[in-house]
Amino acid sequence: MKVYLQHKRLRMVLPVPTWILRLMSKAAIKNSIIKHTPREYIKYVESMDFNEVDKAVEILKQYKGMDIVNVESNDGTKVRIRL
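Numbered per our numbering, the sequence shown spans residues 1 to 83.
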């Protein structure tokens, strides 16, 4: 997966390996994620089924090259996430 960021003259491409996404989706990492999550968002993290997130990441590997996020703000900032 690649994350493309563009803001005025700044352009960045951040490659995110699939294994990092799978690691983040493991239930064992859940406590660490909760520890660093702002209090008002903890309820969302706790409600996630991390096993299903892991399955979703595996399925998304089949759609290489597909844009899953492609947004542009009024100030010209662009964000695109491509598998």
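Keep in mind that the hints were calculated from the coordinates and are not lab data. Any given hint might turn out to be false.
The calculated lysine to any residue pairs, modelled on SDA-like cross-linking and capped at a C-alpha distance of 20 angstroms, are [to be verified]: (1) LYS8 - ASN70; (2) LYS61 - VAL45; (3) LYS2 - GLU46; (4) LYS64 - ARG22; (5) LYS30 - LEU14; (6) LYS2 - SER47; (7) LYS55 - VAL45; (8) LYS35 - SER47; (9) LYS64 - LEU83; (10) LYS55 - GLU40; (11) LYS26 - TYR41; (12) LYS30 - ASN51; (13) LYS30 - VAL45; (14) LYS35 - GLU46; (15) LYS30 - GLU40; (16) LYS64 - TRP19; (17) LYS61 - LEU23; (18) LYS78 - ILE29; (19) LYS64 - GLU40; (20) LYS61 - GLN6; (21) LYS2 - LYS30; (22) LYS61 - LEU83; (23) LYS2 - ASN31; (24) LYS64 - LYS30; (25) LYS26 - PHE50; (26) LYS78 - GLN62; (27) LYS64 - LYS8; (28) LYS2 - LYS35; (29) LYS61 - ASN31; (30) LYS55 - MET1.
Structure-based check of all given hints:
{"no.": "1", "hint": "LYS8 - ASN70", "result": "holds (17 angstroms)"}
{"no.": "2", "hint": "LYS61 - VAL45", "result": "violated (23 angstroms)"}
{"no.": "3", "hint": "LYS2 - GLU46", "result": "violated (27 angstroms)"}
{"no.": "4", "hint": "LYS64 - ARG22", "result": "holds (16 angstroms)"}
{"no.": "5", "hint": "LYS30 - LEU14", "result": "violated (24 angstroms)"}
{"no.": "6", "hint": "LYS2 - SER47", "result": "violated (27 angstroms)"}
{"no.": "7", "hint": "LYS55 - VAL45", "result": "holds (17 angstroms)"}
{"no.": "8", "hint": "LYS35 - SER47", "result": "holds (15 angstroms)"}
{"no.": "9", "hint": "LYS64 - LEU83", "result": "holds (5 angstroms)"}
{"no.": "10", "hint": "LYS55 - GLU40", "result": "violated (27 angstroms)"}
{"no.": "11", "hint": "LYS26 - TYR41", "result": "holds (19 angstroms)"}
{"no.": "12", "hint": "LYS30 - ASN51", "result": "holds (11 angstroms)"}
{"no.": "13", "hint": "LYS30 - VAL45", "result": "holds (8 angstroms)"}
{"no.": "14", "hint": "LYS35 - GLU46", "result": "holds (11 angstroms)"}
{"no.": "15", "hint": "LYS30 - GLU40", "result": "holds (16 angstroms)"}
{"no.": "16", "hint": "LYS64 - TRP19", "result": "holds (15 angstroms)"}
{"no.": "17", "hint": "LYS61 - LEU23", "result": "holds (15 angstroms)"}
{"no.": "18", "hint": "LYS78 - ILE29", "result": "violated (30 angstroms)"}
{"no.": "19", "hint": "LYS64 - GLU40", "result": "violated (34 angstroms)"}
{"no.": "20", "hint": "LYS61 - GLN6", "result": "violated (25 angstroms)"}
{"no.": "21", "hint": "LYS2 - LYS30", "result": "violated (24 angstroms)"}
{"no.": "22", "hint": "LYS61 - LEU83", "result": "holds (7 angstroms)"}
{"no.": "23", "hint": "LYS2 - ASN31", "result": "violated (26 angstroms)"}
{"no.": "24", "hint": "LYS64 - LYS30", "result": "violated (27 angstroms)"}
{"no.": "25", "hint": "LYS26 - PHE50", "result": "holds (6 angstroms)"}
{"no.": "26", "hint": "LYS78 - GLN62", "result": "violated (25 angstroms)"}
{"no.": "27", "hint": "LYS64 - LYS8", "result": "violated (28 angstroms)"}
{"no.": "28", "hint": "LYS2 - LYS35", "result": "violated (26 angstroms)"}
{"no.": "29", "hint": "LYS61 - ASN31", "result": "violated (26 angstroms)"}
{"no.": "30", "hint": "LYS55 - MET1", "result": "holds (16 angstroms)"}
Hint violations for this structure: numbers 2, 3, 5, 6, 10, 18, 19, 20, 21, 23, 24, 26, 27, 28, 29, all remaining hints satisfied.
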